[in-house]
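Chains as they are written, first to last, in this note's numbering: chain A, 83 to 338; chain B, 1109 to 1460.
Dumping the calculated DSS-like pairs for lysine-lysine here, alpha-carbon to alpha-carbon at most 25 Å:
1) A:Lys204 / B:Lys1447
2) B:Lys1276 / B:Lys1197
3) A:Lys147 / A:Lys87
4) B:Lys1303 / A:Lys209
5) A:Lys208 / B:Lys1447
6) B:Lys1303 / A:Lys208
7) B:Lys1447 / B:Lys1303
8) A:Lys209 / B:Lys1120
Derived by calculation from the structure, the hints in this document are not laboratory data.
Because the structure is a prediction, the values reported are computed rather than measured.
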Amino acid sequence: MSFFKVEHLTMKFGGLMAVSDLSLTAKEGDLIGLIGPNGAGKTTVFNMITGRLLPTEGKIYFRGKDITGTQSHIINAGGIARTFQNIRLFNDLTVLENVMIGYHGRLRSSFWEAIFRLPRYKSEEKKMRSMAGELLAEVQLDNVADEKAGTLAYGQQRKLEIARALATNPRLLLLDEPVAGMNPRETGDMMDFINSIREAYGLAIILIEHDMRFVMGLCEHLIVLDHGVTIATGLPVEIQNNPQVIEAYLGEPEGA
Amino acid sequence: MSERHRREWIYKLCTYGAIVGLFAFFLQVQNQADEYQIRILNVSAVFVTLAVSYNLINGVAGQFSLGPNAFMAVGAYTTALLTLSPAEKELSFIIEPIIWPLSVLHLPFLPSLLIGGAFAALLGFIMAFPVFRVRGDYLAIVTLGFGEVIRVVANNVQSITNGPLGLKGLSEYTNLWWSWGVAVFTVFCVTRLVKSSFGRAMQAIREDEVAAAAMGINVFRHKMLAFVVHAFFAGMAGGLMAHLITTISPTLFSFFLTFNLLVIIVIGGLGSMTGSIIAAIIITHAGEWLRAVEEPMAIGPFNIPGIPGMRMVVFSIMLILVMIFARQGLMGRREFSWKWFCGFLKIGKRRG
Ligand SMILES: Nc1ncnc2c1ncn2[C@@H]1O[C@H](COP(=O)(O)OP(=O)(O)OP(=O)(O)O)[C@@H](O)[C@H]1O
Ligand SMILES: [Mg+2]
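Work out the full structure, taking the sequences as your base and the hints as a guide.
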């Protein structure tokens, strides 16, 4: 039984083949890079894995279960969390509350226990608050815990999005362009950060990136998409010299 | 006890003190004020209940429902049918006799109110399935449709609702204790819910539904929760309203009611319970003061005949002005807190 497996995944939008016949497997703790030029279908893959889009064809298995077409929150509860390419925080909630949302799915108390602040709810709320605080300290966002998420600097917002995803206790983390729009120094910090959470949580990570150089240094295994088609898979060194990949990236302003 | 704990205790005491103060004030009013003033206070309480619960679905969960009149109608009819005695019912239903078991049921006010709320909540539960299949504008239109459907049903199912004739001669059970008791209970439940993990989840859905779902929030269930809680309290408010004005008919529960509520929660600030409470009280009173604009007036040599519906024009203009110049309303999403209040007093002292 494989940890995570995608078979013949295909997504058509009308006449547009956004993803075609993608297959991949991941073991626990893997770090896989999903790369490709603009519009290659990378985000669409994440949207299918997390239940936002129903694949036209193909199957997704996670920890032995077929999760194709399952609702997003159930997939998350099963252990897959994600971040978004165009950061989607709960802007009007505080940083701490954003992270606390990540724990809500596992709350055992019911709403009336919450209204009347019965003991079980009170202790759960207290625990959520302290766990969220600890998580924020770990990712060095505790100094802005009470700020509205929407007011954070760009790099901090990216980090908070990852922290929020971690709060849901995932086994597989999907990161959609975590360093988009960052300068080289911030990019370096983010690489270290991703490596550190991967070790600390023993997570498998699939990471979408536009910038080849970034993933080369980080991932052990790469999948290259172009116009929805898997044009190459393998070790970074193999990918680097693959003529098809070079061609796909030609004319693409790298690291844009 | 730590400083923080002590403060929290003091704030809690302040809250209880304020509630006791409020009811002490009503005791005074009950004895001294005239019926008209008491009536306005009762209506204020009903609108506080309505606005606070309506704000839960519209302001907190961000689902733009236009159907509270449906829940009020269900609550009002259910409560009224239970408090009317079998004899009274037999007398009122002249076109078609009332069906069994409604013809024989007779309950005291409180259980009737609660059952009224429960029936409204049940309608909310059933409505949630079609309503939350859609979002945004479509959701508003679907809920609007349901509001109208309920009205048409009330007009036509004569053996239950007595059709266009409505129900008359209800006992005037609603007094300051009932109306404000329910209002305080509603504020208590709704604010506690909003400040809990469930309220956070509702706000997360308002902020970004896709992200909320990806973070493990069951979006449908939380929309449903907000909707059903809203429906329950709107139903109770309907029951209170029915036993305040003692006559109900389908025309009472038109979109007009929903529009009034919308004005209140927008002026108060979508998402702020404090704003809703303040705005509900102000708008109810303003509605009474503005009766003057509907009376015939003599300005100098001109005699302006009374224009019925002029108040609505004033409210509509207010709504437009708020939407253009102060979209946040009175309170934005801020809430009253004793901490803020103490700070406010201190600043006042320093200045004074
Ligand atoms: N919901 C949708 N409906 C219709 N077309 C879509 C939808 N989502 C994506 N597409 C199209 O599918 C193709 C792949 O999009 P996708 O966002 O997956 O690309 P990407 O590889 O993530 O690109 P980028 O690097 O720009 O983020 C694009 O042509 C896009 O316009
Ligand atoms: Mg993308």
